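S.K.: Chain by chain, the residues run as shown.
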Amino acid sequence: MGLRTPLFDEHHRTGAKIVDFGGWDMPVVYSSIIEEHNATRSGAGLFDVSHMGRLWFKGAGAKNFLEHLLTNRISDLQEGQVRYSLVLNLQGGTRDDVLVYRFGEDYLMVVNASNRLKLIEWFEGIRPSFDVTMTDETTTSAMMAVQGPLALSLLQSLVAARLDQIGYYYSSITTLLGSRAIVSRTGYTGEDGVELIAAPEVIVEAWSKLLDVGREQGVRPAGLGARDTLRIEAGMPLYGHELLESVDPVQAGLGWAVKSKDKDFIGKDALLQKNSERPVRVGLELEGKRIAREGYSVRSGGDEVGAVTSGTLSPTLQKSVAMAFVDPGSRQLGTQLTVDVRGSAVSATVVRLPFYRRAIH
Amino acid sequence: MNENDLLYARSHEWLQIVGDVGTIGITRFAVDQLTDLVYVELPPVGRALHAGDSFGVVESVKAVSDIYAPVAGEVIEANQTVVNDPSLLGTDPYEKGWLIKIRIPAGTDTSHLLSKSTYDSEVVNAH
Chain R
1 MGLRTPLFDE HHRTGAKIVD FGGWDMPVVY SSIIEEHNAT RSGAGLFDVS
51 HMGRLWFKGA GAKNFLEHLL TNRISDLQEG QVRYSLVLNL QGGTRDDVLV
101 YRFGEDYLMV VNASNRLKLI EWFEGIRPSF DVTMTDETTT SAMMAVQGPL
151 ALSLLQSLVA ARLDQIGYYY SSITTLLGSR AIVSRTGYTG EDGVELIAAP
201 EVIVEAWSKL LDVGREQGVR PAGLGARDTL RIEAGMPLYG HELLESVDPV
251 QAGLGWAVKS KDKDFIGKDA LLQKNSERPV RVGLELEGKR IAREGYSVRS
301 GGDEVGAVTS GTLSPTLQKS VAMAFVDPGS RQLGTQLTVD VRGSAVSATV
351 VRLPFYRRAI H
Chain S
1 MNENDLLYAR SHEWLQIVGD VGTIGITRFA VDQLTDLVYV ELPPVGRALH
51 AGDSFGVVES VKAVSDIYAP VAGEVIEANQ TVVNDPSLLG TDPYEKGWLI
101 KIRIPAGTDT SHLLSKSTYD SEVVNAH
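The listed protein sequences correspond, in order, to chains R and S. In case it helps, the working numbering puts the first sequence at residues 1 to 361. In case it helps, the working numbering puts the second sequence at residues 1 to 127.
I should point out that these hints are in silico values taken from the structure, not numbers from a laboratory. Quick caveat: nothing in here was measured; it's all calculated off a predicted structure. Take these hints with a grain of salt, some might be off.
Unchecked claim - Computed Cβ-Cβ distance ranges for the label pairs, DEER-style:
id : chain 1 : residue 1 : chain 2 : residue 2 : range
1  : S       : Glu-74    : R       : Gln-332   : 28 to 36 Å
2  : R       : Arg-358   : S       : Met-1     : 39 to 47 Å
3  : S       : His-112   : R       : Arg-13    : 33 to 41 Å
As the list claims (entries may be wrong) - Derived list of chain R stretches under chain S, where covered just means 3 residues or more per stretch with a C-beta under 8 Å from a C-beta of chain S:
id : stretch
4  : 27-33
5  : 258-272
Where a beta carbon is used, it is the ideal one built from N, C-alpha and C, also for glycine.
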């Protein structure tokens, strides 16, 4: 048995299929991945993301410590601002991709569940050179995401802060159902929405209330299956697939979050030495409805030029889409390739990421 | 189709035999396990199948599964309606969601296949 989030009983009671994910027993689907996906695009989806690691860094050296660890800039974060960043190893490969929140002199880092213990051990080794404390609040708090066009209006009655006044990738310490909570305008679906961090019992109560109030408007709990198809459509990488210890952020198309010119960080020297011929992440659109799955070979003519890292039949676009790492010679938009789908060569075109972009109102 | 009259394979195919024609599909349990079917591939008419041969593929958002022939026979019809709309398999696996019909040789042994109650108790409930 793996770790269980405070919402586990709720998932179990509502018939969710449970799988192991990063050491946690998590809901992969409640009724149908496609229904949960579509509910998130048209109404709102509720996601239990309590398995994500929540690490607090406090003390006079916290800012410099994070600046040293992270590829993106930390020192210019505004109050409540949230920033995406990579943590690299000494070889320039990716240890994790994380979000960092600033509250005064304190910083919260949200990390992937599967990397939490690895990061804690590694950070502990570096921490003594800085005046900083690290506290892991993963199992003493809970976290949920509310994502979709109805997310803000649905949630507003439970939260004190004006949600439409919180900017994209900003957060606020406020109250949820009267108890202290962090609300951020962030997510992993390509929709507008928020993520909430609060005490376990507060998140459990908010989850039930949001479903009670929202079900008729099309609000649904959504599992890891829908989370995966949503993030693929949104062109977002997932650690373990597009990001690995052996994959650096520049080849993964995340160079925008790497500030090599402005600052030093662990892994920078190795990153700058990387071979420019290494494979790069691209989006592929396949002919037909077969799914290009992780590990399938990508070919140009008869030659293998790369491999698929994630793929799905996009519920929104009704197209077979995939992310793959290919040799730079095959990266140009419009390049015609094939994917070996269990012995048959299926035509694929290199297309721009993301596959799906929401309409901005 | 009465589920009690069908024969079942441990790999979750069902078989109905009427005269020398066998109709093959996959069970409700299999469909529920797969969830969100998006692609079905079936063999051409005329293909000769041995018992245990993989004759097709069903893909869901999550996974790819082979479908196996419960008995030997020659394919005489494939359900193109399900190929065009795989969701039919999810909603109606025993009627509109049938997959293929095969011509079964006389004297075919079906003793390795299970009854509905045995399939339910030994395969479904064992999960």
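S.K.: If a hint holds in the structure, say so; if it does not, say that too.
M.R.: So, going through the hints one by one against the coordinates:
1. Glu-74(S) to Gln-332(R): 28 to 36 Å: The hint (28 to 36 Å, Cβ to Cβ) is violated, given that Glu-74(S) and Gln-332(R) are roughly 48 Å apart.
2. Arg-358(R) to Met-1(S): 39 to 47 Å: holds, 44 Å
3. His-112(S) to Arg-13(R): 33 to 41 Å: With Cβ atoms ~39 Å apart, the hint holds.
4. 27-33: holds (count 4)
5. 258-272: With 0 residues close enough to chain S, the hint is violated.
Comparing the model with each earlier hint shows violations of hints 1 and 5; every other hint is respected.
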